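Trainee: Each chain, letter by letter, is given below.
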Amino acid sequence: MNIDDKSIAYAFIANGVQIYLSDDDYFIASKLVCAECGYPWYMNLTECFLCGEINKFLYRCSDCFTFQSITKSNMKCKECGSSNLYMMCSNPDCLSNKDVEIKSRINKLGGVFNKNSGLLIAQQYCINCGSNFHEYKSYKIAIRIVNDEEFDYDSLNISEDMVSDNSYLVIKYKPNEVILKYELFRIKDTLGKKVPLSNLKDKFEDIVDELFSIRLMK
Amino acid sequence: MCDEIKFPSNPFEDIKPSDFNKLNKKNVTEDFIEENLKELAWDVFKPFNDTGIDRIAIKTVCSDGHTEIDENLRNQECSICGKSGIEIIRFIQIKTRQLKNNVFGFTLKSKDIRIDPRHVYLLYSDNTTADKQDFIIISVKDFLSFFNSNNINPFAPTSFRKGNNKLNSLRYDHVNDKWSWGSYDWELFRNLEGMKKIQDPKIDLNLASEIMATRNLANSLLRSFSKGQTYSEIIETKIKSELEKNLNLYKNKAIILELRRKAQEYIELNCDEDTLQSSRNYFEYIKLIDTIGENSDSMSEGDAQ
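Those protein sequence lines, which keep their order, are chains V and S.
Numbered according to the numbering used here, the first sequence terminates at residue 218, and the numbering increases by one at each position without gaps.
Numbered according to the numbering used here, the second sequence terminates at residue 523, and the numbering increases by one at each position without gaps.
Read the hints as simulated data drawn from the structure, not as lab findings.
Everything numeric in this text was worked out from a predicted model, so none of it was measured.
A virtual CB, placed ideally from N, CA and C, is assigned to each residue, including glycine.
Among these hints, one or two may not hold up.
Unchecked claim - Rough simulated footprint, nothing fancy, chain V against chain S, three-plus residues with beta-carbon under 8 Å: (1) 255-264; (2) 304-317; (3) 432-444.
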């Protein structure tokens with residue numbers, strides 16, 4: 001992988017995108033997202049199996065009900081000194097908080113969000129829109145550096161093999177040592193053409209947002 | 219054409235796959251798989267970071283399924299029907315194991331159950347015999363569908379959500395040279411047969427409906443609960459009822475969003491700023507390991523807090 005591709009690969013990663021390398025001079029940028037709104041989907045994030053509330057990674061004292069960080073404590077409540085700290089669901093209406101028998105049993109196992117309870121599960125509902133559906137969004141990405149405000153596709157030496165509906169070109173516009181901008185093109189739209197750079201972005205994250213767009217809930 | 223292809227075959231002539239021990243075999247086994255997929259004309263991509271998908275494989279095939287198992291229709295039309303090809307993509311999660319008492323034992327966690335049907339499990343038996351290796355290749359949809367159709371649910375026990383639910387039903391029968399799950403034949407997922415199934419473009423052509431079908435399968439299996447030795451029968455009954463109620467309720471997306479909004483509001487009312495910041499830091503850490511993998515030394519769990 002050449003240094004320019006590697007630099008862009010790291011920029012994708014810094015923006016939450018996974019990179020997969022080929023033997024050729026392009027790579028795949030991929031992300032697991034909500035199938036309805038495009039918001040990132042985190043399989044390492046856990047939810048309460050009972051009510052769907054997100055794991056907030058907090059302890060709660062069952063005596064004085066204070067929340068506290070799961071690491072700053074020495075397993076004693078910072079308010080009342082009690083040792084009854086549990087990784088409880090933060091939804092007060094959750095069955096694990098409302099049903100006395102269930103609450104007591106779960107707390108003996110460390111709380112809903114303690115692994116021993118067996119009552120936490122990887123993310124099932126979108127954080128942004130509440131959808132139950134996720135999918136992989138993936139694009140083939142070729143990187144080229146351009147010094148002029150126009151490029152000729154035929155001079156870019158893009159392998160025919162990488163061209164498909166999902167292939168994109170990231171142009172790094174670098175006319176001098178000071179300026180660094182980016183523009184994204186769907187490769188099929190540029191085939192055989194001379195293309196002006198008319199929508200340059202100052203920040204790489206704008207390129208990522210263009211590829212992995214999100215319909216944010218109000 | 220299939221009958222002429224040896225798959226998998228060892229691409230590394232200087233070493234036997236069975237000669238690698240547990241400590242150093244991840245790289246070589248994944249390379250072994252990659253080279254074998256390339257032999258079937260897939261374009262294969264390896265992860266920059268170790269994040270759970272071990273390889274991505276891409277191929278262009280005829281939308282009517284005319285493409286041979288070792289053919290790639292890239293930039294060509296189908297020689298049978300003249301249609302141009304469509305690009306299919308598979309996200310491959312690899313589990314390599316040695317047989318123990320003829321059992322291929324492996325663990326799946328809830329984070330491994332994706333509902334995008336292009337997600338594929340490739341179970342690599344690297345010493346079916348010293349000279350024979352096998353791939354069991356199965357899409358997540360077929361995997362869930364198998365359990366659903368046969369009234370088996372390995373996802374209901376608490377051990378699945380604890381992350382230590384070892385699946386020990388996949389077996390190899392040396393006498394008859396056959397793979398099975400319990401008493402069910404799994405030859406249809408073995409080697410070239412498995413590869414044929416995942417080359418089916420219907421998944422890609424009908425992606426939205428296939429995702430919905432996979433989610434329905436996942437919900438019927440994952441939103442199930444068996445008490446094991448951890449909980450009482452009374453608790454089991456209450457939890458099952460709650461799961462069923464919420465699964466129906468949350469078909470209305472606004473309800474789960476409102477529940478989470480209220481819980482967040484409750485947390486904010488009842489936490490000091492340091493505690494809230496700790497919670498936010500942890501969330502950032504989770505986002506990070508989804509992208510760069512858990513083994514990264516750039517940040518540890520402790521840093522998040």
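Trainee: Count the residues of the stretch 432-444 of chain S whose Cβ falls closer than 8 Å to any Cβ of chain V, and tell me whether that reaches three.
Mentor: holds (count 4)
Trainee: Taking a Cβ-Cβ distance under 8 Å as contact, does the stretch 255-264 of chain S have three or more residues in contact with chain V?
Mentor: Since 4 is at least three, the answer is holds.
Trainee: Mind checking, does the stretch 304-317 of chain S have 3 or more residues with a CB under 8 Å from chain V?
Mentor: n = 3 at 8 Å, threshold three: holds.
In summary, the structure agrees with every hint in the numbered list given earlier.
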